[in-house]
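As they're listed, the protein sequences go chains A and B.
Quick note: the first sequence, position 83, residue 83 per our numbering, numbers continuous.
Quick note: the second sequence, position 246, residue 246 per our numbering, numbers continuous.
Derived by calculation from the structure, the hints in this document are not laboratory data.
For every residue, glycine included, the Cβ atom is placed at its ideal position computed from N, Cα and C.
It cannot be assumed that every hint is accurate.
[To be verified] Computed beta-carbon distance windows for the label pairs:
#	chain 1	residue 1	chain 2	residue 2	range
1	A	ILE186	B	ALA557	27 to 33 Å
2	A	ALA189	B	VAL546	48 to 54 Å
3	B	ALA557	A	GLY81	44 to 50 Å
4	A	GLY123	B	ALA113	40 to 46 Å
5	A	HIS214	B	ASP455	34 to 40 Å
6	A	ILE186	B	ASP455	46 to 52 Å
7	A	HIS214	B	ALA557	38 to 44 Å
8	A	ARG133	B	ASP455	30 to 36 Å
[What the hints assert, rightly or not] Some chain A residues well away from chain B (every beta-carbon gap over 12 Å; in silico):
#	residue
9	VAL32
10	PRO89
11	ARG250
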Amino acid sequence: MSRASQGDDTADMKAASAAALRAEAVSKRFGVVVALDEVSLAVATSECLALVGASGSGKTTLLRCFNRMVVPDGGRIEVNGIAADELNPIELRRHMGYVPQDGGLLPHWRVRRNVALVPMLRGQSTPASMADRALELVGLPANTFAHRWPHELSGGERQRVAIARALASNPEVVLLDEPFGALDAITRAELQDAFRDLRARLAITTVLVTHDLHEAVSLADRIAVLHHGRVEQVATSDVLLSAPATDYVRRLLERARI
Amino acid sequence: MIMRGPRQRNRFRVAPREGAGRAARILARTSATVSLALVMVSALAARPALARAQPAAHGSDSAARVVVVASKPFAESYLLAEMFAQLLRAHGIPVVQRRGLGATEIAFAALRAGEIDVYPEYTGTGLLAILHERPLADPRAVFTRVEREFQQRYGIRWLPPLGFQNNFAIAVRRETAQRYHLHTLSDLARAGSTLVAGFSPDFIGRADGLPGLERVYGWHPRTVQALLPAVKYRALASGAVDVIDAYSTDGELARYHLVALRDDRGFFPPYQAAALVGERLQRENPRAVAVLTLLSDRLDDSTMRQLNERVEVNGESIARVAAAELQHLGLVSGGSPAASHTAEAPGAPRESFLAYLWDRRATLAALTERHLLLVAVSLGAGILTAVPLGMLLEWARGSASPVIRVVGLLQTIPSIALLAFMIPLLGIGVVPALVALFLYSLFPILQNSYVGVRDASPDAVDAAHALGMTTAQVLRLVRLPLAAPLIMAGIRTAAVIDVGTATLAAFIGAGGLGQPIVSGLALSDTRMILSGAIPAALLALVVDAVLGGVEWLVTPAPLRARRASSAHS
Numbered sequence: 001m002s003r004a005s006q007g008d009d010t011a012d013m014k015a016a017s018a019a020a021l022r023a024e025a026v027s028k029r030f031g032v033v034v035a036l037d038e039v040s041l042a043v044a045t046s047e048c049l050a051l052v053g054a055s056g057s058g059k060t061t062l063l064r065c066f067n068r069m070v071v072p073d074g075g076r077i078e079v080n081g082i083a084a085d086e087l088n089p090i091e092l093r094r095h096m097g098y099v100p101q102d103g104g105l106l107p108h109w110r111v112r113r114n115v116a117l118v119p120m121l122r123g124q125s126t127p128a129s130m131a132d133r134a135l136e137l138v139g140l141p142a143n144t145f146a147h148r149w150p151h152e153l154s155g156g157e158r159q160r161v162a163i164a165r166a167l168a169s170n171p172e173v174v175l176l177d178e179p180f181g182a183l184d185a186i187t188r189a190e191l192q193d194a195f196r197d198l199r200a201r202l203a204i205t206t207v208l209v210t211h212d213l214h215e216a217v218s219l220a221d222r223i224a225v226l227h228h229g230r231v232e233q234v235a236t237s238d239v240l241l242s243a244p245a246t247d248y249v250r251r252l253l254e255r256a257r258i
Numbered sequence: 001m002i003m004r005g006p007r008q009r010n011r012f013r014v015a016p017r018e019g020a021g022r023a024a025r026i027l028a029r030t031s032a033t034v035s036l037a038l039v040m041v042s043a044l045a046a047r048p049a050l051a052r053a054q055p056a057a058h059g060s061d062s063a064a065r066v067v068v069v070a071s072k073p074f075a076e077s078y079l080l081a082e083m084f085a086q087l088l089r090a091h092g093i094p095v096v097q098r099r100g101l102g103a104t105e106i107a108f109a110a111l112r113a114g115e116i117d118v119y120p121e122y123t124g125t126g127l128l129a130i131l132h133e134r135p136l137a138d139p140r141a142v143f144t145r146v147e148r149e150f151q152q153r154y155g156i157r158w159l160p161p162l163g164f165q166n167n168f169a170i171a172v173r174r175e176t177a178q179r180y181h182l183h184t185l186s187d188l189a190r191a192g193s194t195l196v197a198g199f200s201p202d203f204i205g206r207a208d209g210l211p212g213l214e215r216v217y218g219w220h221p222r223t224v225q226a227l228l229p230a231v232k233y234r235a236l237a238s239g240a241v242d243v244i245d246a247y248s249t250d251g252e253l254a255r256y257h258l259v260a261l262r263d264d265r266g267f268f269p270p271y272q273a274a275a276l277v278g279e280r281l282q283r284e285n286p287r288a289v290a291v292l293t294l295l296s297d298r299l300d301d302s303t304m305r306q307l308n309e310r311v312e313v314n315g316e317s318i319a320r321v322a323a324a325e326l327q328h329l330g331l332v333s334g335g336s337p338a339a340s341h342t343a344e345a346p347g348a349p350r351e352s353f354l355a356y357l358w359d360r361r362a363t364l365a366a367l368t369e370r371h372l373l374l375v376a377v378s379l380g381a382g383i384l385t386a387v388p389l390g391m392l393l394e395w396a397r398g399s400a401s402p403v404i405r406v407v408g409l410l411q412t413i414p415s416i417a418l419l420a421f422m423i424p425l426l427g428i429g430v431v432p433a434l435v436a437l438f439l440y441s442l443f444p445i446l447q448n449s450y451v452g453v454r455d456a457s458p459d460a461v462d463a464a465h466a467l468g469m470t471t472a473q474v475l476r477l478v479r480l481p482l483a484a485p486l487i488m489a490g491i492r493t494a495a496v497i498d499v500g501t502a503t504l505a506a507f508i509g510a511g512g513l514g515q516p517i518v519s520g521l522a523l524s525d526t527r528m529i530l531s532g533a534i535p536a537a538l539l540a541l542v543v544d545a546v547l548g549g550v551e552w553l554v555t556p557a558p559l560r561a562r563r564a565s566s567a568h569s
C-alpha cells in the first residue's frame, strides 16, 4: 500500500478521488511473469480511456483488476472512491459492462436471453424489454435478432450483441477487451463508428483495451500506453502525438505512422 | 449503483472471504447429494434383503425358518440341491433356492456369511481349494480331515457323503482311444505328446490338475488350450482338441460317447459329494440337518451318472429327475407335490426357439424387470454420485486426476472378483450386485462430467463470471448445460456396461437375465443361454436408444445442430 506516494498536490488528490476508476501502484505477477508493476492511473466519470500496448504489456490484466476478475498482489483499485476489495465482487461485476474480444456469448442461449443476462442477474423487473432496447441501441432490430442463436450471427453482429449485453442494465462503467480485434477491417470500421455514436449518446465511463493505436486515437478521450507492466504515458491523443513522454511511445507512434 | 451506504460497506468488508464461503457451501451441498445417493442405494438395496428376512419372522418358532439351499453353477450341483430342497419340503420344512452361485469361493463365502444354509460340495474341493492342503489319496482320510477342520475353523459341517465320487477324469473320443489303444492314463503318457489338450483354466492351474498329472505320469500334451467347462465337450466332440479334463459323473461323457481313462496310479484325489451345512442351520434347525442326512450314502457313482445324463443329455427337467429319484429311493411318497418350480427347466427338445421363449415369457419378463431394476438403481446412484463429483473436481482440479484414476482402477477389477470380495461385507443377492454395478458405473460418468464441465466453452464461462454470475450460477446456467451432451454420453456408456455386467449378478444370486445364462452354461443348454443373452442384448440396445433420446433432449438446440453437422462432415 503506497498511500505515502499519493503526492502532496491537493488539486491532484481531488481529481483522483472524483475518478470513477482508479488504480494506485497496482502490481500483479503470474508466477515469475510480472504483468503489472506499480501501475497508477485514473479514469474520470464519463471518460473513455484506452489502454494501449503490445501483447503481454499488462493492459488486459489492468482492465480485469477493475471488475476484480484479477485480484492485484499489491496496490489499490478504487471504484467511485471505494476500495474494490471492500466491494462484493459479484455485485461489482453486475454494475460494470464487460465485452471480451470474442464476444463471449453463451452459445446455448438465444440473443435476447444473452443480452438480458445482467438485468436478470440483478433481478430487474423487465430484463427482456431492457435487452430489446439495448439491441436497438447497437443497431440490431430486436424483432430480427432477438430469437437468433449466437452461431447464426456474423462476427460483427456477435460483437454488437456483446456490447448490447454490456449496456443492457445501464451500467455506469463499461470495460471492453479488444472488442473489435477479431473483425475484418470493414466491419471493424462500422463498429467503431457505432461505438463513437453510442459514446456520444450515453456518456458511460469506458475503459477500452486495444493494441491498435489508431483505434485508441479515434475512440478514446485519453490514452494510457503500457509497456512491460508499466505505464509509459497517460495523455490525451493530442498531447501523446505532440509530446511523447518516452522513447517507447515515440517508437510506437512511428510504427503506427501517426 | 456501486456507491454503497455505510451499512452495506460493512457487509462488503467480509467480501474477500465470500468466494471461499460460497465454494464451501457448494461443496457441502454436493457432498449432501452424494450421501443422499448412497442412502438411496442402501435403502433400495436393503429392500430385497428385508423381503428375504420376512419368512423368518413369519413363524415364531425357529424350526419354521426358511432353509436356503444353494448350488454351484453346474448340472450335478443343481440336481443335488434340488433333491435337498424337495426332501426338506417333503418333511414340511420351507425352502428357498439360490441356484448357480458363482463358484466355490462365492458359494462357500455365502455359507460362511450365513446367507445360505446348505449346498452340495466335494471333499476334495474342500481340502484343496478351501483348506489349501496337499491332496490325500484315501477318500476316508480326506473326509475325516475336512470334517474336523471345517468344524473347527468355520463351524461348518460336512454331512456324511452322499455315496458317489465325482473325481477329475481325463476323457478322449472313442476313436482316439481305439487308435492309440488308450485305457489308462499310463497309456496316454505312452502315446506321447501328439495330442492336443483342452483343459479348464482351473485344471491347468491347480496342483491336483495338470501340473500333478505331468509329474506323476510324465505326460506332456502337445499344446494345452484353456477352455471353459461349458464348451469343453463340444470342442472335444468336434475334434478341436483330443483330450479334456472331465468329471467322472458328467452326463456329457455318455452324450458324446467319450472314454474316461482309468487313473491307474491313483493320482486324482477323491472328491466325495456331501451336503455342506452352515453353522446357523445346525444351531437353529437340527431337524432339517437330520432330514438332509437321509440322503447320505444313497447315491452311487452309476446312479449319479445316469441322473446327470437324464438332465444333461435327455433334457429332462431337474425337478422331475430329482423327484423321481427321491421316490425311487423311498425318501418321499408318490405324487410329489414337493417338486420345485424350476424356472430354468430345459424345454422340450423339438420346440422352436420362439416357442421356447414364449413359454417362458412370464419368467423372462420377471427376470428382465429384475435386470432393469439392478441397472436403474445402480445407474441412478452412479449419476447422483459421479455428476456432482465431476463438478466438484472441476472446482478442485488438483485432485481431479488422482480421484479419476482411483475410480478408473475400480473398473479394472474383474466383475466376478469384485462380487466375490463383497460377500463377506454384503452377503449375496441384490445388495452386493447393486454396489458392484454402482462402482462400475462411476468411471464413465465421472470422467465425462469432469471433462465436460472443465472444457465447456471457456470464453462463455469467463464472460459469465465477468458479468457477475456466481460460481453456482456459472455451473448451473453455463457449464452444466454445455456439458450435458458429454455427461449423457458418459451415462449411456455406463448404462450399457451396467446392462452387460448385470448378467454376472446371477452368480451371486441377484437374479436378472444372467440367470438363464448361468443355468444354460451349467446345463449345456444353448437355448437357455440365448433366452437370457438375447433379451440382455436387446435391453442394452433399448436402454442406449432411450438414453440417446434423453441426450438429444438435454442438448441445447444450437449444440444439437452443430453436432449433427459435424457428424455428417
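Which earlier hints can't be squared with this structure? Violated hints: 4, 6, 10; rest satisfied.
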